[in-house]
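In terms of this note's numbering, the sequence shown opens at residue 189 and continues consecutively.
Please keep in mind that the hints were generated in silico from the structure rather than gathered at the bench. As the structure is a prediction and not an experimental result, all values here were calculated from the model. Warning: the hint list may mix true and false statements.
[Unchecked claim] As a list, the in silico BS3-like pairs of lysine-lysine whose alpha-carbon atoms are at most 27 angstroms apart:
| hint | residue 1 | residue 2 |
| --- | --- | --- |
| 1 | K300 | K194 |
| 2 | K217 | K207 |
| 3 | K207 | K194 |
| 4 | K217 | K288 |
| 5 | K194 | K261 |
| 6 | K288 | K300 |
| 7 | K244 | K217 |
| 8 | K315 | K261 |
| 9 | K194 | K244 |
| 10 | K315 | K194 |
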Amino acid sequence: MKISTKGRYGLTIMIELAKRYGDGPISLKTIAQINDLSEHYLEQLIAPLRNAGLVKSIRGAYGGYILADEPSKITAGDIIRVLEGPISPVEGIEEEEPVKRSLWIRIRDAVKNVLDNTTIEDLANYKDEGETDSYMFYI
């Protein structure tokens with residue numbers, strides 16, 4: 189299973205909204221600038237997210253988008269399914285011979301488990317394990 193730019197950029201939008209949850213709306217232009225992405229492309233992705241009830245649009249001069257629910261209640265799986273469709277490592281699992289079908293189902297279930305148990309709150313609060321506080325020593 190390969191996640192396209194639709195899914196990756198959709199996650200980016202949702203993570204940015206989660207980081208600012210409760211602070212009011214944020215424009216797609218701001219999200220695009222922060223992440224060096226095409227605003228036009230983000231506009232194409234926000235519509236399905238809005239139609240799925242994951243984000244709300246706020247009109248006006250200080251408008252933009254906000255999450256429709258708490259970041260802890262929206263999963264990566266919710267977002268990927270809206271933008272990419274069903275989660276499946278291969279098409280036509282039903283036609284595979286039993287041994288391969290079992291493998292594809294186990295892979296699908298493992299991917300679903302990770303996506304459905306990772307909230308955008310988790311992603312917004314993520315700290316790189318390699319990140320360490322750097323110290324400045326003066327001699």
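Hints, verified against the model:
1. K300 to K194: 18 angstroms, holds
2. K217 to K207: Measuring from Cα to Cα gives roughly 16 angstroms; hence the hint holds.
3. K207 to K194: Cα-Cα ~20 angstroms, so holds.
4. K217 to K288: Between K217 and K288 the Cα gap is close to 45 angstroms, so the pair fails against 27 angstroms, i.e. violated.
5. K194 to K261: Cα-Cα ~21 angstroms, so holds.
6. K288 to K300: 18 angstroms, holds
7. K244 to K217: 16 angstroms, holds
8. K315 to K261: Within the cut-off at roughly 20 angstroms; holds.
9. K194 to K244: 19 angstroms, holds
10. K315 to K194: 24 angstroms, holds
Of the hints listed earlier, the one the structure fails to meet is number 4.
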